[in-house]
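Protein chains in written order, with this note's numbering: chain S, 6 to 551; chain D, -18 to 394; chain V, -1 to 260.
It is worth saying that the hints were derived from the structure and are not from the lab.
Just so it is clear, the structure is predicted and the values come from calculations on it, not from any experiment.
Each statement offered as a hint is correct.
Distance ranges between label pairs, derived from CB positions:
hint : chain 1 : residue 1 : chain 2 : residue 2 : range
1    : D       : Asp353    : S       : Gly351    : 37 to 43 Å
2    : S       : Ile278    : D       : Ile7      : 40 to 46 Å
3    : D       : Ile7      : V       : Asp148    : 49 to 55 Å
4    : S       : Asp32     : V       : Pro178    : 23 to 29 Å
In this text, a Cβ means the ideal position worked out from N, Cα and C, and glycines have one as well.
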Amino acid sequence: MPSMDAISRNLMLDSLRDYAKKHIPYDLIRDKDQANEFPAAILKDMYDHSILGVHLLLVPEEHGGVSGGTYDIYRICELLAHIDLGIATSVFATFLGTDPLNVGGTEDQKKKWLQRIAKENLMVAYAATEPDAGSDLINLRTRAEHVLKNGQLAGYRITGNKQWISNGGVADLYTVLAMASGGPCWFLVERDMEGFSPGKHEDKHGIRLSNTASLALDGVYVPKENLIGGVEGQGLLQAQAVFGYTRVMVAAFGLGAGWEAVEQAVRYSQQRIQAGGPLSDKQGYMHKLIVPHAVKLEAARAYIEDVANRLDSGEHGLQTEGAIAKYSASEAGNRAADDAIQAFGGYGYTRDFPVEKIKRDIKITCIYEGTSEVLEMTIYRGRWQEHLKTRGRYYLDIADRMDALHDRNPNTGARAAGLALRTLAAVMEECRLQKLTRHQAVTFKLGRLISVCELAYLFAEASAKEKYSESVRFDTQAWQAMARIFARDAAVQLATEGPALVLGAVENAASMASAADMDQVRAVQKGMMEDMDLVAAKLKQTFKAR
Amino acid sequence: MINVSPKCIGCNKCVPVCPFAAIQLIDKKAVINEACTLCGACVQVCPVQAIEISREETATRDLGGYKGVWVFVELVEDRAVGGAAKEGGQPAHAKQGRKIRPVTFELLSIGRKLADQLGEELCAVLLTDKNYGYEKDLGAYGADKVYLVENPELYEYNTDIFSTAIVALTHKHKPSIMLYGATIMGRDLAPRVASSLYTGLTADCTALAIKDGQLLQSRPAFGGNIMADILSPRSRPQMSTVRPNVMKLSDPIYGKIAVTVREDIKIDKGLRRVKVLERKLEKADAGVKLDEARVIVSGGRGMKTKERFKHLEELCRLLGGVVGASRGAVDMGLKDKTHQVGQSGTTVSPKLYLSFGISGAVQHIVGMKASDVIVAVNNDPDAPIFNVAKYGIVGDAHEIAPKLIEALKKRKP
Amino acid sequence: MHIAVCVKQVPDSTEVKINPETGTLIRAGVPSIINPYDHFALQTAMELKAANGFRVTVVSMGPPQARSVVQMGLALGADDGVLLSDMAFAGSDTWSTSYALAKAMKKIGKVDIILAGMQAIDGDTAQTGPGIAQQLGIPQVSFCVKVDVDGRKLIVRRLIDGGHEIVETRAPALLTMIMPKDYVSKYPSFPAVHSSLKKPCHTWSAADIGAEAQYLGLKGSPTQVAKIYPPPQREKAAMSGGSSQEAVEKILEILARENFVE
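If we strip away everything but chain S, and leave its shape as in the complex, we get:
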């Protein structure tokens, strides 16, 4: 769906912000986190279409929703993550649970169920994962057996167990993945159906406000109309179809929660006086604990927005791009939160301050919706295809684009990004020649290096734009400095880790000696210190102590 106009989107963001300001004070969140309690009243308000109605973003207008596009949903998810990742997860679970319907449902099913979801403010859960089938969903054991009436198929009896289901104990409607004789299928199961019992609310490390529960299905009968799409065996395809876009949502979580941690640290550092001045004046502190994370998060933002805009303009799939966005943002956010605790020192280690909770919460973003390891593989597989299809030109062509960009605008880090891309192309080619992708470790590492390069070049391009997207809180000077910092680091990382990866697995690889143009990689480092200082100053200006 195309995204809505900026004014409508921002009015919705304002309403959500206002709701949080009035009804979700931090004390409440802290208490619920401590008590491991799902904030039912708050979620009820969020789904209540006379108060907010967040779930309506996922429902098309013709069924009573507000037809939110990917960009709109990314912005809302980012804001929810700033507020609390547990609440965000609960909302996201409804989005996820509604997806199989949106993607695979028949017109009648969509009409019936989407309208009910919209009108009755239904909370939905996405029940795929099982005790023995997480990343490895093909192993699912939940069975859906045919039930015949008068020789005709009347419905299915579903038996099995689901694990780690968000909204598991509180949803009204569940989309359950089960194996029928024709293959995996999604079934719509209502909470009060006989044989269906949610387990207790899990005691988790983080996102404790999100209700997570196991589900036991003991011969739950559903009529055949509840098989999404009406055809068996479509389940995994239906799930994969939306990955590009559900991954963007979780990327938004990493971005929002990561930035919340960084903002808190920046504000705190201006108040905390040690050794004669505020911590925010100490270059070592800022350059180590704050600036790099701001940079990586903004690089992730540039990437997320590119994927979101492409999906909104009609492109389909983009699973690899979604994977890069989710992987990068969640890992960046996780590290940002960790250093945020460090930035707060002893105070950060207590529950009084929000950063230790953000760290506990944000870890899940590296696990759910595709673990970082699965995503590294996914990223590698997607881009390996491109490398092969273009006979190794894929990243070289982008590097050429970077050099052209650098000629037009030398301030975006495009040259450094280009260097990283050329090294990546050389490394991937050598992997192909020497069949190094037979080592799984190589594929994981390639996924990681590919992500860094893709963020570097998209950040360079985004920072070159005349007008930045409404989500960017920094001016051209600051954002371009961040793009330069990210690109420099990317060039260094590729120049060292790329060849090292290859050389560690082979007898010899002569091409690695020139895989990275070390003279250029060294040359582009110039200006790093100044840029880091500039970003530190801009961060202090933008996030003043309260």
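Since the structure of chain S is already known, use the hints to place chains D and V on it.
The following block gives chains D and V in isolation, referenced to the frame of chain S:
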């Protein structure tokens, strides 16, 4: 008119300084939209002087004949009306007349200085049902004349009646300056008069001065984050409102009586289009009369909790003061809004302002910087409040407050 | 009856920062919001609409991005919206702004009640509302906290210095609104925002409302900004620190020296 010449190099220095977000960089050139107020902030920062503001002088009205600094006299409406009147406690003003609100005397004090600089007269404008010898006090604070309109219809304030009368007086006598208190009454009346006269009105001035024969009116904007100097170059009278407790009260010279000039202005009863059905006055609450307090003990976010904030009430009891609160504290729920000091609260000028855990955001400072002695306690040595305070104590406000209470109790016999 | 509500888009002045080096305002990154007093005026209008079935038009004068506050008015329940947008309005002070808004009211036609926020948090002047009333020749009631309508009678509760009043006037009239203590602002739900897109929203230029150039912009404004500058820096306080006990002793010393205690 504002114009960006081809000299613009697209350096983007002007975009972020515009207070009204009126500048965008399009195709590497600054483009200014209609939100522009011609304040000139961008002109100041442009490194190549590519931005020009030309202030066209339209046909000027003849301003030469306008002379005289006028001050509107505000009488305190202290008479309950309707149901509230039955509750008793009617003022004794039948014998002594309604009191003059103190801000009037503050305006006369600054008005006197302005009149002296211009070499013009200072006149008070008094609309009342009965004159109770007000010219004595008005004269003591510097008025040369009192333009008196005495009419039974003027027993209480009414927008249309008062504005019509003042407009009539203005047309007759052509003052060059008119000052009003920025009270509820003043802020209702002055804009109506100014609109009718198509003349300039500047609200909440914190400073007034004469520059090249014109009234230079200074006031805070954007919640007090910037100061603006305003002029009304082409219209008369130049009108300003000033909040109570902002201008310094001069020492009255009793015996200096203003000359009363009776003005026979027709007041049409039909002008009373708004009728007062009920008026209820708040009892003088010993607790909350911030704007008249001699001592204020004020708390900010640094007090952290309601319980700790209560210490400040105890301090008030010991020091004979009134509790104040910053906007941050009010927003946190530590104290209710009636105690808020600042731009969106009350402006105060006590002899002692003792603050605990207030950082001194500009919108707060604007409301208390007229205090005589400011003692600030805050654990941030760079807190802006230390820039207006006379004494600064770096420390934990919510620990110091209770200890100070103990120490004060020990001193009292 | 037909109610028109005047709303303004303003920078969130609590977030506005000063660049300490140049002394200029840093506006970048400061969000634009609906003027809180106007928000209250809108809510008041919606309550009257809900109780009496009145028609509500939301009006704003501003650059194209101010459409956001008009749409917010529609999302909160207004029937239609008007954005007055024209380069000719640039530089308008409160007189010129009232002039333009009064012209717009005339074009909208047969407006019975005009509601406006008591002041805008950027200018803080509280002048535009009364200016509109004066130019339309209708009665004004300022500092209003509550309105009730009985036929063409308006019963209004308002603040006065030292208390409050209940006053009566007749439509057409203009009221400027100030929030009471128990006020809670309402924000539109997502579906309300979505359906606001379908409501009529007009953009009018100076020519559309018959506003004459001589009364608009800097040319037409009787007041002019001569200069903008940061608030003056003062000399810093005499500072002391140390333990809480030492701080208390210091405070007592100061209070004694300045004669606030024996």
